[in-house]
Structures are given as structure tokens and as C-alpha cells.
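Visitor: Below, each chain spelled out in residue letters.
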Amino acid sequence: MDPATQAVIEVSDLVKVYGETRAVDDVSFEVDRGELFGFLGPNGAGKTTTIRILSTLLKPTSGGARVAGHDVVAEPGEVRKRLGLAMQTATLDAFSTGRETLELAGRLHRMPPREIKRRTDELLQLMGLEAAAKKLTGTYSGGMKRRLDLATALMHRPEVLILDEPTEGLDPQSRTALWEELERINAEGTTMLLTTHYMEEADRLCSRLAIIDEGRVVVEGRPEALKAAVGADTVVLQVGRSPDADGAQGSAEDARKTEFCTLLDGMVPCEAVAAHDGSVTLAVADASAAIPGLLRRLDGHGLDITGLQMSRPSLDDVFLQYTGRHIREEAADQPIIMGF
Amino acid sequence: MRELTAFAYDTYWLGLRTTRRFFRVPANVISIIFFPLIQLLVFSQLYKDIVQLPAFATDSYLAYLAPGQVVFASFLAVGWAGYGMLVEYRSGYLDRLRSTPIARFSILSGEMVPLFFEAAIMAAILLGVSMLLGATLATGVGGLVLILLLSGLFGIAFSGISFIAALLTKSEQAASALSLLMFPVVFISTAFVPAELMPGWMQAVNDWNPVTFQIEAIRGLMTVGYDWTAIGQAVLADVVVGVVLVSGTLLAFRRLAA
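Which chain is which? The protein sequence lines are A and B, in order. Residues 1216 to 1555 (the working numbering) make up the first sequence, in order. Residues 4 to 261 (the working numbering) make up the second sequence, in order.
None of these hints come from the bench; they were simulated from the model. Ideal Cβ positions, reconstructed from N, Cα and C, are used throughout, including at glycine. Heads up, a few of these hints could be off.
What the hints assert, rightly or not - If we take Cβ atoms under 8 Å as the criterion, some of the chain A residues that face chain B in the derived model are:
| id | residue |
| --- | --- |
| 1 | K1296 |
| 2 | T1304 |
| 3 | T1306 |
| 4 | D1308 |
| 5 | S1311 |
| 6 | R1314 |
| 7 | L1319 |
| 8 | M1326 |
| 9 | M1525 |
| 10 | S1526 |
| 11 | S1529 |
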């Protein structure tokens, strides 16, 4: 097989059952070398369970997975050598310094001492942690902890980087900075799998993603293709009151709709036009290309257009189409249940 | 053989980390030293004249009391040993270690092996303070080395109580409470009075209490000289306790993390 296109993560018919719950219910997907693959879904969808199986922390009930060419159940040691893992919360030893944390990761991955020193310096600089290198990680801010956690996962130059909710709980500034960092690491050739319930994160970062809900992959593809498949862009025109709209509101809207249908004949089909009080919504296949023509025609008829909004289908619309729910409703932080 | 080297390597680096974790919190050392030190200071004054009873072979209650408090210090050093692992189990740090290509049981040995040194150091501090207050060390440097080795061994053996409780209950509170429940075991020993002065049922407990063997061996080294029978009995008691509790710890660890 050509190593350049070979699948680095192969998941086939993966099932994990806890009692009555099928946390992961027949999940299959592949991630190719160099991809940044996203796992998008609400909390409790089975993302973390899948990731724990791929990181050899959990054994599947049935089905299998190969990571970096090795079976996660039969050869966990080989997988661990090639894997970098960053968990949902930054998992650091509060009583070690940043430098000690990275050096220990190097030791545990059997890196030669000189390489450990060099790589530690490099990563501390890269993550902007040089000044904090000698401070205990317990004193770090949330963003610093995430960056050190990521550096720890990268210490041994893993072939595959698995990130569980990498920006959960970060402020917007730290989130953007971390996104840039992840893009850079991916650009250098590291294959990445990340889970998220933030649509904009999946949209911005992932070259391909799978939407997972209730333990199943409901759809998989490139973000643009998924959004395009959902349907047309939406254009909302703010329109001043038309002079003849003195009758009941319902009939005024009907009249406006008819007016627009006639005006836009040949550009936008009539069923894609919806009139509301003060605005008209059009469903247009490629809005950014169509808008100039639309405006020219409407302008020519003396309509008082006071504003225009355009929106493309979001991954939320994709999620909605496949699951019948909004991801946002599900994404609210669930309380952490501590077991005793 | 290569696996054994790898296990030792991982244990060393993980052990260095847990040692840092212990000594970087000053409260750890202070709270371990505080209790036996207070008992030493207060009881040696409060019951100063108890040594006039014929069962005592010494005329200084402080000298009698010190060995028990040395042992108590090594007991406290490991009394909450399972706590750190439990915190790291919860935080996910244990998972991070499990996702690296290390020998799985080095996570446990990295916690346990440093306890040998932590228990020995805590015992040494108590021994030093006792000597400043007037206790003796009849066997000199040789005795000191033996006391440190015995204390380390005792520490590893008894740390199993905390590990088993922590790993099985996965509850910091339950593990802490169990450590407190172990206190009577330490007190029903010859730490405060010789066996002859105890009520009958206590003597029965005391006869089989491994803590007593440990105290008597150290008391011999501090007050009399090398009593190899007492030392042998202490080593045997520590080994028996160690085999039982460390085996239990291994099983509990495998259930939790393997």
C-alpha cells in the first residue's frame, strides 16, 4: 500500500456496551495520513468512549480498530509508542514544573537524554512556556495547561495525535491560539483526530468529519460538502413597507411574495421566496454569486431595500437534518458526576 | 531481562515524580512529624514517673517512648499513600500514564518504592529529635542504618492498607477514614507501656501485633544493643504483612488500571 495515502486510523464495526447502554454502536470510519479528522457530536454521543478505545485505555465489546498500523487490542504497546493523547481536561501533575512534565514524557517514551533536552526546549519555546518552565503546573492558567498538555502529547513526535475536546473551557482568545497551533502541527504532517461539540471548531479545523449521535456515525464527509448537501444559502432582504400594503397583514405578505416572484422570475423559483413583515427570505443555491444580479434587478424596480443578510448552512443545520435536533441544545455542560 | 530493565527504568522516573509530589508540599512532612513529636514531648513529661513501675527497664520514659514514635512516624508517612493515586485516577493523569508505552505495574511501583525512603526519612527525623531531647542510640551508625532499613520496609508493607482502601473504594474519604481506624492497631502495642501492664485482651492483641515487633527491634537498637532475634522477628513481621498487603494492592491496582 502507498504509505502516503494509507489509512492511519481504521475503525471497523466498533461496539462498546455498558450494561444496557450501547455507548458506541457499530462505528466505522477511516482517517488517512495527514488528515485532521473531526468527531462532532453532543456530550454523551460516544466520542470519548471511541477515543478511549483508540488510545488503548478501554477494550471494545466487539469490532476493532487499528492505529498507526497496529491493532489497539492485540498490540497496545505498539500503538502507544506512536500515539499522542490529550484528554478532555489537561491532565498534568500539579507538583511538577513544565520542564519536568515534558522530560518525564520523553523518559516514558524512551527518548535518548540529549533528544529529550533538545525537544523540551523546542516545545517550551513553541508553546510560549519558556518563562513558566520552572514553575509548578498547578500555578498555570487554563490556556497554559492546555498548551503544556498538548506539548506533552507531542513530545515523542507521534504519528497520530488524538485530542478529546481540546478547547473545552478555554476563553475565546486561547481557543483561537490553540486552533492556530493545531493547524500548524497538522500542516507538518501529524495525522489528527479530535472530538468537539463546537461547530465552528469542527468547521474551521477539520478537513473531514463524522457527526456522531447516540453512539452512531450519522454522516461523514468534508464540512463544505456536508453543508452543501443540506441545501441552499439563505438571503434575507430588509424591505420598506410597500405602498399598497394597507390590508390585513396576511394578504400584505402574500402580495409581497407575489411581487417578488414576478420580479425575480427566472432568477429564483417562486417556492424559494418567503415574505414576512418587513423582510423577504430567499433560498439561493450560491448566494455570494447570485446577490449582485438580484440587487440589480430589485433596484431597477424601485424597491426600498434597507438591508441584506446572507447565511450559509452551518454544521448545526447538518446535525439538525440528520438527527432532528440542534447540537447547541445538547451541548450545555453536563454536571460532572463524582463516583463514591 | 529487557522487560525487567524497562520496569526498573520506568519505576525510577515515575518514582522521582511521586517523591517530588510528596516533598513539594511542606504540609506533608510537617503533619507526619507533628503528631509523634507532640506525643513524645507531652507524654514524656505527663507520665514521667511511670518508669518507677517495675515493668520498665529504664529510668527515662522519654527513652522508652521514643522508639514507638519513630515507628509511628514511618506509619504516618505511608498512612495516606493511596491518596495521590486516587486523585490522579480522577484527574485523568493515570490514563495519561496508561497511554504511554511503559510497563503497566511501574505506575504502582513508582508510587510504592519511594515510600521506602519517605518512611525511612520520617523515622530518621523523629529519631534525631528524640536524641536531641535525650534519647540514646546504643548501637551508633550501624544501628541507625538498621533502623532506617527497618522503617523503610515497614513503610512499604503497611502502605498496602491505604492503597487497597483507596483503589477498591475509589473514595478519598473512605481511604482516609480507614487510615484513622488503623490507629488503635498502632496504639495497642508496646509503644507506651510494656505488655505486662496491659489488660489481658490487649496483651493477646499485642502478642500478634506486627507493630510491636517493629517497636521492640528499634527499641533494642536504641537502648540496649544488637538483638538479632528481635530484629529477625521484626523483619519477618514486616515481610508477612508486606506480602499480604502488597499482593492485595496488586490485585486492586489491576482491577482499577490494568
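Visitor: So, for every hint listed, does it hold in this structure?
Guide: Okay, the hints, checked on the actual structure:
no., hint, in the structure
1, K1296, "5 Å, holds"
2, T1304, "6 Å, holds"
3, T1306, "4 Å, holds"
4, D1308, "6 Å, holds"
5, S1311, "6 Å, holds"
6, R1314, "12 Å, violated"
7, L1319, "6 Å, holds"
8, M1326, "11 Å, violated"
9, M1525, "43 Å, violated"
10, S1526, "38 Å, violated"
11, S1529, "31 Å, violated"
Taken one by one, the earlier hints fail for this structure at numbers 6, 8, 9, 10 and 11, listed in ascending order.
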